Amino acid sequence: MSTILLVDDEPDTRYILDLLLTAQGYRVVKARNGYEAMEVALAAPPDLVISDWVMPVIDGTQLYRYFAAIPTLNTVPFVFISGALPPDEVTVGPFLRKPFDPPLLFDLIVRSLSG
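Under full-length UniProt numbering, residues 1 to 115 are what the sequence shown spells out, in order.
Bear in mind the hints are in silico, worked out from the structure with no lab data behind them. The model shown is predicted, which means the values in this text are computed figures rather than measured ones. Some hints here could point you the wrong way.
As the list claims (entries may be wrong) - Here are the simulated lysine to any residue pairs, SDA-like style, with alpha carbons at most 25 Å apart:
(1) K98 to L113
(2) K98 to L85
(3) K98 to G83
(4) K30 to D12
(5) K98 to T61
(6) K30 to L105
(7) K30 to Y15
(8) K30 to L19
To be verified - Ranges between beta-carbon positions, derived for each pair:
(9) D47 to L104: 18 to 24 Å
(10) A68 to D101: 26 to 32 Å
(11) L19 to L113: 28 to 34 Å
(12) M1 to G83: 14 to 20 Å
(13) I70 to P99: 27 to 33 Å
(14) I16 to A69: 30 to 36 Å
Using N, Cα and C, we set each Cβ at its ideal position, and we do this for glycine too.
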């Protein structure tokens with residue numbers, strides 16, 4: 001069972017995605033922002049991160065860069081979700097704009113976990 005770290009500042013998004021991902025057989029660990037996500041990941045590295053783009057404290061881009069700088073986390077794949085479009089110059093992982101179809105997210109998860 002793969003562990004997914006779900007990082008989003010919106011409680012409803014965390015709740016719904018937790019239900020959907022758990023129903024697909026994933027273990028889900030949640031964080032409200034990038035700071036909490038780093039604490040969780042350093043204690044137990046996840047297999048995949050699904051992260052909002054725009055969050056308080058540490059945003060999705062910063063979180064990705066922190067993971068990239070840590071040897072035990074730098075191979076963890078990311079999938080980004082957000083209502084805001086990412087800047088054109090930033091291409092750090094697959095991106096889905098909210099709202100999105102769950103099957104599209106599931107496909108990105110499978111592809112990201114398989115390399």
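Hints, one by one, checked against the model:
1. Distance restraint check for K98 and L113: the Cα-Cα separation of roughly 21 Å lies within the 25 Å cut-off, and the hinted pair is therefore satisfied.
2. About 10 Å separates the Cα atoms of K98 and L85, which keeps this hinted pair within 25 Å; it holds.
3. The straight-line distance between the Cα atoms of K98 and G83 is roughly 5 Å, inside the 25 Å bound, and the hint therefore holds.
4. Taking the CA atoms of K30 and D12, the gap is near 12 Å; set against the 25 Å cutoff, the hint holds.
5. A hinted pair counts as satisfied when its Cα atoms are at most 25 Å apart, and K98 with T61 qualifies at roughly 17 Å.
6. Taken as a hint, the K30 and L105 pair is honoured in the structure, with Cα atoms around 17 Å apart against an allowance of 25 Å.
7. Annotation: proposed proximity of K30 to Y15 holds, straight-line Cα distance about 9 Å (limit 25 Å).
8. Pair hint K30 plus L19 holds up; C-alpha atoms about 12 Å apart against a cutoff of 25 Å.
9. For the pair D47 and L104, the beta carbons lie near 19 Å from each other, so the given range of 18 to 24 Å is met.
10. Checked against the hint of 26 to 32 Å, the C-beta distance between A68 and D101 comes to roughly 29 Å, which is consistent with it.
11. For the pair L19 and L113, the beta carbons lie near 19 Å from each other, so the given range of 28 to 34 Å is not met.
12. Restraint check, M1 to G83: a C-beta distance of roughly 30 Å breaks the suggested window 14 to 20 Å.
13. Checked against the given bound of 27 to 33 Å, the beta carbons of I70 and P99, roughly 32 Å apart, stay inside it.
14. I16 and A69 have their C-beta atoms about 31 Å apart, which keeps the hinted 30 to 36 Å range intact.
Hints 11 and 12 from the earlier list are contradicted by this structure; the remaining hints agree with it.
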